[in-house]
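Listed below are the residues making up each chain.
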Amino acid sequence: MFIHRISNEKDACVDEDNVFESLQWQSERRIGDMKPKVLLNRVSFWCVTAVTSAALMQSIAPVTAHEVKIPTEVTDLGKDTYKKYCSPCHGEEGKGDGPVARSMLPKPRDFTRGAYKFRTTPSGSLPTDEDIYRTISFGVPNSTMIPWDILTEEQRVSVIPVLKSFSEAFEVRKPDSPVEVGLRVRPTEKCLAEGKKIYEEKLECWKCHGIEGRGDGPSAAEQEDDFGFPIKPFDFTTGKFKGGNSPQDVYLRFTTGLNGTPMPSFAKELTDEERWCLTYYVMSLIKPEETKK
Amino acid sequence: MKKFGIGLCLSAMLFTSVAWAAELPPKKETPPDLYEGTPDWYRATYKDNVGLREGSGPFKDYFKPQMLDMYWQPNRHYEPMKNLDHSIFIEKERRDLCITCHEEATPGVVRDWRGSGHKNPKSTPYLSARTSEIEKRTNRILNEVDCFDCHADTKKKQIRMPTGEVCGECHRPQFDDFLREREMGRPNHIQSWEANTIVPWYAEAARRGYLYGQHGCDLCHSGAEKCDVCHTRHKFSAAEGRQPEACITCHMGPDHPDAESYGESKHGVIYHKEEEHFDFNRPLSEVRPGKDYRTPTCQFCHMYEKHGRFIHNPVMKGIWRMGTIPPKNLEYTSSLKDYPYGIKIIGDKIDIYSEENIAKRSYWLEVCAKCHSDRFADTYLKSLDEFMFQAHTLADRAQKIVEDLIADGYLYPSAADRDPYPLSDGIEKQLSPAFLGEPIYNAFKTLKGKFPVVGPILGVYGMFIQQQDNPSNIENMYNRLWFWYKLQGYKGTAHVQQDVSWWWGQAPMMMEFTKIQSEAARLRREGRIEKVALPK
Chain A
1 MFIHRISNEK DACVDEDNVF ESLQWQSERR IGDMKPKVLL NRVSFWCVTA VTSAALMQSI
61 APVTAHEVKI PTEVTDLGKD TYKKYCSPCH GEEGKGDGPV ARSMLPKPRD FTRGAYKFRT
121 TPSGSLPTDE DIYRTISFGV PNSTMIPWDI LTEEQRVSVI PVLKSFSEAF EVRKPDSPVE
181 VGLRVRPTEK CLAEGKKIYE EKLECWKCHG IEGRGDGPSA AEQEDDFGFP IKPFDFTTGK
241 FKGGNSPQDV YLRFTTGLNG TPMPSFAKEL TDEERWCLTY YVMSLIKPEE TKK
Chain B
294 MKKFGIGLCL SAMLFTSVAW AAELPPKKET PPDLYEGTPD WYRATYKDNV GLREGSGPFK
354 DYFKPQMLDM YWQPNRHYEP MKNLDHSIFI EKERRDLCIT CHEEATPGVV RDWRGSGHKN
414 PKSTPYLSAR TSEIEKRTNR ILNEVDCFDC HADTKKKQIR MPTGEVCGEC HRPQFDDFLR
474 EREMGRPNHI QSWEANTIVP WYAEAARRGY LYGQHGCDLC HSGAEKCDVC HTRHKFSAAE
534 GRQPEACITC HMGPDHPDAE SYGESKHGVI YHKEEEHFDF NRPLSEVRPG KDYRTPTCQF
594 CHMYEKHGRF IHNPVMKGIW RMGTIPPKNL EYTSSLKDYP YGIKIIGDKI DIYSEENIAK
654 RSYWLEVCAK CHSDRFADTY LKSLDEFMFQ AHTLADRAQK IVEDLIADGY LYPSAADRDP
714 YPLSDGIEKQ LSPAFLGEPI YNAFKTLKGK FPVVGPILGV YGMFIQQQDN PSNIENMYNR
774 LWFWYKLQGY KGTAHVQQDV SWWWGQAPMM MEFTKIQSEA ARLRREGRIE KVALPK
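Listed in order, the protein sequences are those of chains A and B.
Start counting the first sequence at 1; every next residue gets the next number (this note's numbering).
Start counting the second sequence at 294; every next residue gets the next number (this note's numbering).
No lab work stands behind these hints, which were simulated from the structure alone.
Zero decoy hints are in this set.
Here are some chain A residues pointing at chain B (derived, C-beta under 8 Å):
# : residue
1 : Arg102
2 : Met104
3 : Leu105
4 : Asp216
5 : Pro218
6 : Ala221
7 : Pro230
8 : Lys232
Heads up, the beta-carbon is just placed ideally off N, CA and C, and yes, glycines get one too.
Using the sequences and the accompanying hints, generate a full structural model.
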């Protein structure tokens with residue numbers, strides 16, 4: 001989809017609006033009708049109009065914060081919700097060892113380590129409450145973690161303190177402040193070429209993800225997560241990124257890293273601009289025909 | 294744009310392979326050794342070359358190998374060619390002349406090779422990528438792998454049969470994965486030649502003039518040193534190796550009807566009907582269940598190691614293994630309660646519910662859950678456990694009848710009046726308490742093998758050799774019960790073939806049980822009559 005849109009343009013120059021249109025099309029197909037999506041669309045709208053960078057930054061992270069009140073204490077509602085909807089996979093005590101976990105791949109998250117893959121906070125940090133809320137609401141594609149928009153907002157936020165209670169880390173540490181997403185760079189051909197160079201030469205991402213992003217690089221099969229489970233990178237050319245398929249989502253992954261996995265943060269190795277270019281290049285690897293199956 | 298993309302990818306691949314070639318780190322690792330970690334006596338009797346002069350294993354001096362063992366177990370038994378001297382071609386490294394001559398001498402071989410990935414190792418992006426990994430590992434450029442690379446022993450200037458150790462020079466990850474079969478113990482492929490000739494009845498049969506009756510044994514147990522058993526020579530096609538038919542020449546028949554039970558199951562039938570839609574060019578780890586395979590293959594189930602990871606061997610998840618070793622979780626009435634009788638070289642009772650086996654079961658469920666609910670899969674495999682517990686119980690009851698008959702002195706002819714256990718003299722001479730444990734070894738030493746040996750594992754000799762009145766009819770009735778019908782029902786149940794489970798399994802087990810009861814009653818009746826008619 002992405003590639004096709006680009007090629008339809010007059011001189012193969014990437015048009016920002018079109019990129020967003022196509023990406024929104026993808027997110028609509030996958031996420032369905034739910035509030036956070038609508039909110040994200042609003043984020044996209046802001047991005048497109050790009051009023052000020054300050055406005056942008058505000059619209060990324062706190063977007064859920066002013067909408068929902070996240071409790072700090074474990075409540076009966078939280079316990080009940082977790083027990084009924086979460087514990088079959090994640091286990092009574094959040095160890096990722098629920099009764100159906102044994103045959104599931106990827107394995108359900110073990111919350112006792114305080115290691116969360118998808119955050120707005122820097123590498124190694126705990127997630128913010130909003131990060132956890134976002135993952136619960138959006139789900140994790142390429143896994144059995146469905147979007148829990150079927151639950152009420154109140155139910156969803158109620159389990160956040162429950163999840164946090166499984167790891168001591170939340171008692172002794174505070175999450176670092178969310179990274180600043182900043183203003184998107186224009187996804188020009190030059191930028192895409194830069195992204196490709198980073199992917200193939202500078203960081204050699206193909207070693208794990210393969211040259212086409214199919215997860216078949218030479219080191220793919222031997223990757224392991226911090227929980228001792230193999231974590232072969234999935235084929236992301238379907239466009240179903242686990243942490244969300246907007247450019248911001250992908251940019252955030254490169255900026256924050258995926259805690260508990262061998263996928264590090266590139267906040268230090270790459271400038272903000274380079275990470276945007278890498279984002280666009282990675283998204284250009286999406287093959288639309290694969291998304292249909 | 295699409296073409297441009299493909300071009301980009303290809304050129305990127307080209308670039309990366311050039312980059313690799315430039316790096317070429319000279320990695321020092323020990324040369325591939327199929328016998329890594331084995332004791333000296335073992336290496337001396339299985340690996341050290343003796344040509345066709347001697348056998349192999351602890352009883353090597355009691356038999357000579359079969360002629361084909363040159364090819365089945367080359368390290369131990371290969372002998373150089375005598376009719377046409379090949380040394381000049383090797384000395385002058387005339388790779389071309391191998392092909393020129395054999396194009397006419399053995400055209401089938403050359404055509405196989407021409408169609409193989411070895412002839413064109415850079416013909417697809419996938420092959421190129423794998424080839425550059427090998428180039429990096431071996432520190433050489435490989436535009437082709439030809440006859441010379443596999444068959445020319447440049448030190449001895451002789452033609453060789455390439456064992457897995459030769460293949461492992463390039464395919465080290467596959468070699469190392471294969472080596473890991475040892476972790477699980479027998480039965481496996483890497484120790485298959487060991488299992489073939491370590492049993493005393495092999496040499497005993499040879500001693501009695503039935504060496505070549507065991508033709509099929511050597512052929513079937515030849516997967517220890519040969520890597521062309523699944524992906525056959527000289528095409529060495531991975532796609533061929535991934536198809537169930539690659540296994541069925543060996544895995545079939547009365548003691549392991551794997552081919553029949555899989556092939557006639559819904560898994561197998563759907564595969565047969567939809568084979569053309571199965572994509573066997575994908576490595577197992579890239580297979581998308583339901584899309585590339587609608588039903589699983591032998592390889593997909595058995596080469597799955599755990600947590601989404603595949604391994605280049607099919608034995609890592611075995612729980613009930615062959616189906617012969619009794620489970621720890623039952624109480625036995627026969628001497629099976631004392632199994633393995635202090636013997637060190639046979640497998641101990643299997644604890645089906647050990648931590649290790651529960652984990653292995655969960656790895657099986659990971660495979661099943663790709664297409665079935667965990668609940669359905671788990672319920673099915675729990676039923677397999679129940680089938681096996683009950684089948685082992687039935688076998689124990691049958692063994693009890695046979696053993697009571699022996700204890701009461703009704704075995705006819707008795708152990709005193711029949712041949713001893715096969716190769717008892719060799720057992721006493723070549724083995725020791727370190728192999729058999731004190732009590733069993735002493736029994737061989739003092740009684741010279743003049744005693745019955747019944748049941749799993751070492752009681753199975755009667756399935757393979759008939760000596761003078763040893764075994765008796767009833768012993769082989771029981772052998773068929775636990776070594777044929779129990780195993781058939783086991784594989785039928787495990788591979789989801791209902792008819793094999795019942796009509797090749799449980800039902801004939803019952804019918805052997807019928808015969809055993811009748812035979813026991815007959816022997817007891819005749820024995821009692823004899824006591825009255827011929828009083829001592």
